[in-house]
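**Q** Spelled out from the first residue to the last, the chains are:
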Amino acid sequence: MDVILFLVFAVIAVVCAVNVVLQKHPISSAISLIGVMGSLAVLYLLLGAEFIAAAQVIVYAGAVMVLFVFVIMLLNAGEEVRRGRSFMAQLLGMPLLVAFAGLMAWFVNRLYPESTGVHFGGFTGGTPLAVGRALFTRYLLPFEVTSILVLIAIVGAIVLGRKEMD
Amino acid sequence: MNAFLIISLIKIAIVFAVLMTTLAYLQWVERKVIAHIQVRPGPYNVGPHGLLQPLADVIKLITKEDLVPPYVNKPLYLAAPFLAITMALLSIAVIPFGPTIQVAGYQTWMQLTDLNIGVLFVLAVSSMGVYGVAFAGWASNNKYALLGGLRSSAQMISYELPMSIAIAAPLLLSNTLSLRELVGTQAGGIWHWNVLRLPCPQIIGFIIFLISAFAETNRVPFDLPEAENELVAGFHTEYSSMKFASFFMAEYANMITVSSMATLLFLGGWEAPWPAQYGSSLVPTIIFALAGLVALYHGMNPARKRDRLTFPAAGIVFLVVAALFQIGILQEWIIPLFWFCAKTGAILFAFIWVRGTLPRFRYDQLMRFTWKFLFPVAMLNLLVTGLLVAWFS
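Chains A and B, in that order, are what the protein sequence lines are.
The C-terminal residue of the first sequence carries number 166 in my numbering, and the numbering is unbroken.
The C-terminal residue of the second sequence carries number 393 in my numbering, and the numbering is unbroken.
By construction, these hints were calculated from the structure, which means they are not laboratory data.
C-beta atoms are modelled at their ideal positions from N, C-alpha and C, and glycine is treated no differently.
Take the hints with a grain of salt, since some may be wrong.
To be clear about the criterion: a stretch of chain B counts as covered by chain A if any three or more of its residues have a C-beta under 8 Å from a C-beta of chain A, and this derived list gives those stretches [as the list claims (entries may be wrong)]:
no., region
1, 57 to 70
2, 126 to 136
3, 376 to 390
Reference excerpt, derived from the structure (chain A facing chain B, CB under 7 Å, subset only) [said to hold, decoys possible]:
no., residue
4, 54
5, 64
6, 125
7, 128
Quick list of simulated restraints, FRET-style, between CB atoms [as the list claims (entries may be wrong)]:
no., chain 1, residue 1, chain 2, residue 2, range
8, A, 24, B, 65, 11 to 21 Å
9, B, 16, A, 8, 38 to 48 Å
10, A, 14, B, 365, 57 to 67 Å
11, B, 345, A, 160, 19 to 29 Å
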């Protein structure tokens, strides 16, 4: 059952991800990206990480992508015009992609030679309690440092935004 | 397994039917209440006191011509109302209406399903609901609709923040994310409800939640996305027939969801205001019996000729309902249900009351209010709550 669900949502995620690049209109790309986020959330849920799944939907599919869609609507971005690609890109694109995918598969295979699949309900560390405890004990320093990093990004965005206005 | 499946299906059917009826009649109640606020009778012609008006509206909406303008982005235009109504109806799945009950030997919860991330589930679904409105505005290819969609997405993102933070404070007090356990921690009287609970009563949090809830559901005074005097009808300008009805139903379904959430998070869900041994289980009986007696009295002294028939009939119905609350088998689920409906209904009435009394915000006022006032206050509330909870535990 979980293998079927995994396959269904993994295929949806990959198809949506490819679609993000292929679509000409920004809104269609954004919708495909929402599809990617949504199927990722389901994959997290299948792994037993329900808190991460909910956070994925709330933060990425709900907030970040709404902002994307908002900006696209506000600027009323039209369809992209497809320019001719260089000869090298046309020639080497596909083989390089295949080589990269093969390399990644090889690495994963070497790193985890005899890993078994994860089964639904096999992992119990994904509850809000477990995530919160890990964040505030074991990963306290990275957590706090990340918050400062985000703060810096926000301040930077405001400074840049101000400059444009004056 | 089979029994579980059958019970779940029955529960889904009951909840769906009740929800749909409530949606239809909530709109009737709204029209009636606003009419009485404005000193006019409201719907009166279809059935007694316009009681069959929702039915007439449904028939009208279904049989109306379903027009798709030629200049819209068709796939998105068709998907938007579907998305809005799906997301609006989905969150009812985790809302608990009452405690465990015994039905024909089976024990079951008065709730479709209990997730241990129930609160997060409702937040996630409601954050996805923005897309229905945003895509409707964009796909309609109409300047008024686009402006409505833009306003709505900006407003919903902005008000989601204070709302989530206001929700976090009672969660600190109750220490759980499951909606059922949340109610369990508030049992035992009004002073245990999160809105009044020590060490940090969530009165401010409750008010912030309600204000954000008004904005999240696009209701007056935050109904900028459909401000009819500047934007025709806002994001649903180009929609007709059942597609328009979907947006309409989504708005009312969202109202019901946020009212239930406010009840569960702050007002103790289905728990009575004081313990049953001091007679709280008599309250519903007394209320309905009093209503019945008043109706009977007016039936005895009729002001109009037809009152001689209608008032005693209504009075007898009320008295029968009052008697139902005293039947032992029914008591275990009908009294919690009464309290849940009473609290949710009171908040829904506040929604309608505000619509009948307040004017609409200006757009810049709306944004300034949330970012410069509501968000800092919600943050402060959360910090103080966290501090007090840590101090006293």
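**Q** Now tell me if each hint is right for this structure.
**A** Taking the hints in turn, this is what the structure says about them:
Check on the region 57 to 70 of chain B: 0 of its residues sit with their Cβ under 8 Å from a Cβ of chain A, so the three-residue criterion for coverage is violated. For the region 126 to 136 of chain B, the stated coverage by chain A is satisfied: 6 residues place a CB nearer than 8 Å to a CB of that chain, which reaches the threshold of 3. With 0 residues carrying a beta carbon less than 8 Å from a beta carbon of chain A, the region 376 to 390 of chain B misses the three-residue requirement, and the given coverage is violated. Because the closest C-beta pair between residue 54(A) and chain B is about 4 Å apart, less than 7 Å, the hint holds.
For residue 64(A), the shortest C-beta to C-beta distance to chain B is roughly 10 Å, which exceeds 7 Å, and the interface hint is violated. Annotation: interface hint on residue 125(A) violated; nearest CB of chain B at approximately 14 Å, more than 7 Å. Against a cut-off of 7 Å between C-beta atoms, the interface hint on residue 128(A) holds, since the closest Cβ of chain B lies about 5 Å away. The given range of 11 to 21 Å is broken by residue 24(A) and residue 65(B), whose C-beta atoms sit roughly 33 Å from each other.
Between residue 16(B) and residue 8(A) the C-beta distance comes to about 26 Å, which lies outside the given range of 38 to 48 Å. Against the hinted window of 57 to 67 Å, the Cβ-Cβ separation of residue 14(A) and residue 365(B) comes to about 46 Å, which falls outside the hint. A C-beta distance of roughly 49 Å is found between residue 345(B) and residue 160(A), which places it outside the suggested range of 19 to 29 Å.
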